[in-house]
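S.K.: Read off the chains here:
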Amino acid sequence: AQSVAQPEDQVNVAEGNPLTVKCTYSVSGNPYLFWYVQYPNRGLQFLLKYITGDNLVKGSYGFEAEFNKSQTSFHLKKPSALVSDSALYFCAVRRWSNTGKLIFGQGTTLQVKP
Amino acid sequence: GAGVSQSPRYKVAKRGQDVALRCDPISGHVSLFWYQQALGQGPEFLTYFQNEAQLDKSGLPSDRFFAERPEGSVSTLKIQRTQQEDSAVYLCASSSARGGAVEQFFGPGTRLTVL
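Chains as they are written, first to last, in this note's numbering: chain A, 1 to 114; chain B, 1001 to 1115.
Think of the hints as simulated: they come from the structure by calculation, not from any bench. A couple of the hints might just be wrong.
What the hints assert, rightly or not - Selected chain A positions facing chain B (Cβ under 10 Å, derived; list incomplete):
1) Gln-6
2) Val-11
3) Tyr-25
4) Ser-26
5) Val-27
6) Tyr-50
7) Thr-52
8) Leu-56
9) Gly-62
10) Phe-63
11) Phe-67
12) Ala-87
13) Val-112
14) Lys-113
Glycine included, every Cβ here is placed at the ideal spot set by N, Cα and C.
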């Protein structure tokens, strides 16, 4: 069975500091991994994805994520947080298949304080 | 349109009523997904269409839930005899490929409240 865990319900960081939002996954075979961000009363916005190749992937708004196969992790990072980064972040995994359905974690609220 | 649109954005139904939720995917996207997001939770998969064919409906919670995409574009999620546990945000997403690794683009969702 596929699953995603986001161990932190909330992450608090000061503006200008680096941030990390953690994600671990469980899936048979090679995973496709995604990060989405959700602002209040809006749908999910795609940030970045890992498919294959370089373990460090770069995405929108200065975010990046590192794929670690041995630790089955895909942590989201940003070198310098902005107040506007405050939102709800979801990690998702997908096993190659014809359906392509995403399995989401429960989400992590990022709070960036001035 | 520029993105995925959903209507209505908000729906209040009395228990036992039928509701229909509409999704307009990005033009040309062959894949369409429905997800259910309960309060404080991540989205959960309901069903998947490739063009007009419903290839996966394993996530539909009961036979009260029904989805269609008759012409391979607009999709409707119908819930019959709504129950309080159906209260959630229903998200629609589309993608340009049949499978593979392309990302899904999400609409703003329909918030359903069942009284």
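S.K.: Hint by hint, which ones does the structure fall short of?
M.R.: 2, 3, 4, 5, 8, 9, 10, 11, 12, 13 and 14
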